[in-house]
Amino acid sequence: MKSFEPKIIGLFCNWCTYLAADLAGVSRMQYAPNLRIVRVMCSGRIHPEHVLWAFENGADGVLIGGCHPGDCHYIEGNFKNLRRYLLLKRLLKQFGIDERRLRLEWISASEADKLRRVVDEFTETLRELGPFAQEAPLFQAAESPSPIQKSTLGMKEED
Amino acid sequence: MAGRNGDLPRIGVYVCHCGTNIGGKVNVPEVVAFARTLPNVVVAREYKYMCSDPGQLLIKEDIQKLNINRVIVASCSPHLHEHTFRKATLEGGQNPYLFHMANIREHVSWVTDDPEKATEKAKAIIEAAVYRIQFHEPLESKQVPVNPDVLIVGGGIAGITAALTLANAGKKVYLVERESSIGGHMAKFDKTFPTLDCASCILTPKMTAVKDHPNIQLITYAEVLEVDGYVGNFTVKVKKKPRYVIEDRCIGCYVCVENCVYKTPKYPSEFDEGIGLRKPIYIPFPQAVPLVAVIDPETCIEFKSGRCPKKCQQACREVVGRDAIDFTQKEEILEIQVGAIVLATGFQTFDASRIPEYGYGRYPNVYTSLEIERLVNSSGPTGGEIVLRDGRKPRSVGIIHCVGSRDRNFNPWCSRVCCMYSLKLAHLVRERTGAEVYNFYIDMRTPGKGYEEFYEKLLHEGVHFIRGKVAEVTDWTINPEEAGRLVIRVEDSLIGVVRRIPVDMVILSVGLEPRADAEELRRLFNISCSAEGWFLERHPKLAPVSTYTDGVFIAGACQGPKDIPDTVAQAGAAAGEVLSLVDRGFIELEPNIAVIDARKCSGCHVCIALCPYSAISFNETENVAQINEALCKGCGVCVGACPSRAIHQQLFKDEQIMAEIEGLLMVE
Amino acid sequence: MEYFYYPGCSLKGTGASYEKSLLEVFALLGIPMKELPDWNCCGATSYMSIDEEVALAMAARNLAIAEENGRDVIAPCSACYMVLRKTQKYMKEYAHIRQSILNALKKAGLTYHGDRVRIRHPLDVLVNDVGIAEIRKRVQRSLNGVRVFPYYGCLIVRPKNGFDHATYPTSMDRLLEALGCEVIDHPLKTKCCGGSLTGTLEEVGMRLVYILLKEAKKRGSHAIATVCPLCQFNLDAYQEKVEKIYSESLGIPVMYFTQLLGYALGAEDSHLGLEQHIVPVQEVFEMVR
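Residue numbers (the numbering used here), protein chains in the order written: chain A, 1 to 159; chain B, 1001 to 1668; chain C, 2001 to 2289.
Bear in mind the hints are in silico, worked out from the structure with no lab data behind them.
Any given hint might turn out to be false.
Said to hold, decoys possible - 30 Å max Cα-Cα, derived DSSO-like pairs, lysine-lysine:
#: 1; chain 1: B; residue 1: Lys1237; chain 2: B; residue 2: Lys1263
#: 2; chain 1: A; residue 1: Lys89; chain 2: B; residue 2: Lys1653
#: 3; chain 1: B; residue 1: Lys1304; chain 2: B; residue 2: Lys1266
#: 4; chain 1: B; residue 1: Lys1117; chain 2: B; residue 2: Lys1142
#: 5; chain 1: C; residue 1: Lys2160; chain 2: B; residue 2: Lys1469
#: 6; chain 1: B; residue 1: Lys1211; chain 2: B; residue 2: Lys1172
#: 7; chain 1: C; residue 1: Lys2214; chain 2: B; residue 2: Lys1469
#: 8; chain 1: C; residue 1: Lys2092; chain 2: A; residue 2: Lys114
#: 9; chain 1: B; residue 1: Lys1469; chain 2: C; residue 2: Lys2218
#: 10; chain 1: A; residue 1: Lys89; chain 2: B; residue 2: Lys1600
Okay, chain A solo, but in the shape it has when bound (with noise of 0.2 Å):
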């Protein structure tokens, strides 16, 4: 039998988090496989919506990077990114969803060891959590019509 692999979201701002897995790669460090990385500009662009979506589409956890306190390119967008995560943490507990699926780190451009650590650690956290669907079924199945489904048919995008 397979093993469980989680699989990870990771929504990464575009001047820390996403440029320190771009030096790991340079660095040739080697973290576990289970991350998949989506860029925005800030992590104050990140939705509650976003990290919501990943986990009715399959993720078993969801990684908020940003930039240190004090850091941010554009100022404070990451600490704007802060206030929702904390609220979205009470969210997901009454979900019942074991909070610890979700994580924020602040992740400078050059930590990208710290990356690599995190990833790692992040992966062995919901390895012994277990898959998501088992954890929240019903969170899963409630679906929604996905904006992808609509287009892959051919529809045209609004107006």
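Guided by the hints, dock chains B and C onto chain A, whose structure is given.
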């Protein structure tokens, strides 16, 4: 022509092997076959190097022949080649923003051990790109004018070189230096390796040229306080510290210094590394630029007690007739507008007292290399005579390499210049004193034009070389030869014996490290530092003087240890980058700005308070928020917060992000 | 804060004057301290070289007992101090060692989490918890004019990154200065005292003892101050032998830093174990009496 907005997406996917960088780990043919099965993918191809001309040609041809209207390249990081492929898309006849890049090198092949897992991950990233790109739309980038004026921070050889290059090209340059004179570390050196030409003979004319250049405004004894704006349009606040001497009145005649109530110099001179002394009013060195006196309020009696006869002021007024001394001078804040910034803030040397077993600070005859630079300098405190602190001439001298460098306890890196400057000092000491000179090295590192030859020359000059990391410098002596001297204990690793070498003088070849305030500076200019604290270049090979913040460039040792030739070359490169930016006259901004759909806006004001750039205002008549495009920097904070989902961010629309997430999760 | 006192074997044997003076000093300064209940051998010396895991498990038993009671442990013997700290470090850094020790502890009904209690040397406690300023205030008899050669030995600074610098420690220097001593700066602070070589490779051991004694004499020391029972023993007990081998008279009293501190704090001589040394130490105090 295909690809008008609203057309059914026709996607081309191009998977790059990047030589073996991707292809050696990811099964590219399998990935390509997979891509062909994805929705709306018309063509999927692989190529050895997508960024090469033939690679780009594939894209252009497919756009024209197959009516491709969405382009995906799966290769390296968008930070490296997004621009390249957007351009290719444009040249093929499509809007450049109908392109998306899938990063399967930095994020996959280089970080994944297992080829099978790497291949699966690459598939997921490509599927995500395919999903995402369905929602791309043509966008226009905005052009903004670039202010051609340039700020250079740091007046060492890097800053001086960049300033002169830019000023000679007709650009207005502001050169800000923290100390009271420009010149930096190089001004302290006597000779430079490996040519042994006199440092001040080559530096001083450049310093003077800076002062005399009509395009350079020199701001010394000053620090940058605040930086605002963005590439092309920075506003910078500079704090000019009071020197208590009016710059344009002072002629650098030394009459004030001679007339100071202190008859003899009493305080350690910063410029002379404490080897020489200065008075509370002083000119750091005779070739200082600007040649203007400065008063140190920490040591000046007038500042300490308010009861000094102020003979310096009197002399300036009565003897020189300049009245340049002003004890009431206050600090000044200047505001300057520039289009580009070059950081050339240099390095600091390792604090040798952090290694107590080398005795620096405990044994008077243990010196740092920088102190010795002042001691051997013909315009230094001893006039170039190499003497111990008690005035004796040393009969034997030990030079310890790698102090603080290549040492896990301190700095792991090689400081690059120490072997060569140690050889230079060995040569100068031997030449001037005839002393026995011992070099204690771990490895000799002499790459550079003429460097190995210089080492070879030293080997034949009778300088001793002992390979081994010095354990300690001690005054524990065990025989008459050692009595009263310092003993260097070292394992000579070439003969496998622990040796005790008695010497009169020890020179610690201290390494280079980031300045203590590099972190503060980094924040000020919104750039990154490496884990060690050096300013981080945009790309270690291909963009060595650029940073991730457009319009901010770096030159010299603030980026990492380097010698004078490399520093000068990098300063020239930075000046070149600045010219290519400001001479174009404008910059194109990423069209990733936020856009409000007025029909959906409920007028709740939430976004207005969140915008860090005050780009959102409220339209009272329409009762909706509106965004000033010129001020929006595209962070998307307002988009993430809008309760009505009335705002979207171009290039990062919710549909795009969510489609990408969905795609990433499709592959098991 | 109340501390546990972990004597180890030395302080109950050759280092009796260390224990006596230590307890006296702590009592005079009002630092509450009681002996760790049911303590056992720290695992130093032969155990460590024969079976490291057993030795570490023995040390860990002491840690587990201390942790149960949640108090820092004062280990005056440098060897105990080093072994206990090393055990903590190994358990933290090496998962397999941690596991095997935990298994051993479990059989004794004990467990150990780590990091809840610290292993302290009395020098560390005196300098950093009590503080030099406080001690200076409590000095009743200044040791003004006594030239002391501070000697730390190798173990108190290991594993490194402890409370003082690994090759050039200064805490005892500062403490002795506060007592009025003239502290001699020298480069041999952490050089080998001979350790167990005095008993195994005598020639080497005696030479190492000689280097330290000779340097102390050369620098005009009235006394050597030590923090470790083995250092004290080697430098004191073999002095006569060394004098014979190297045909040189030395005669340097070798004291525990707690004896000097105790005297300065006004303790009676009989409470400091001054009579238990081979090279007489009383003459040092005669200078200032």
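**Request:** Return the numbers of the hints above that this structure violates; sort them in rising order.
**Result:** Violated: hints 1, 4.
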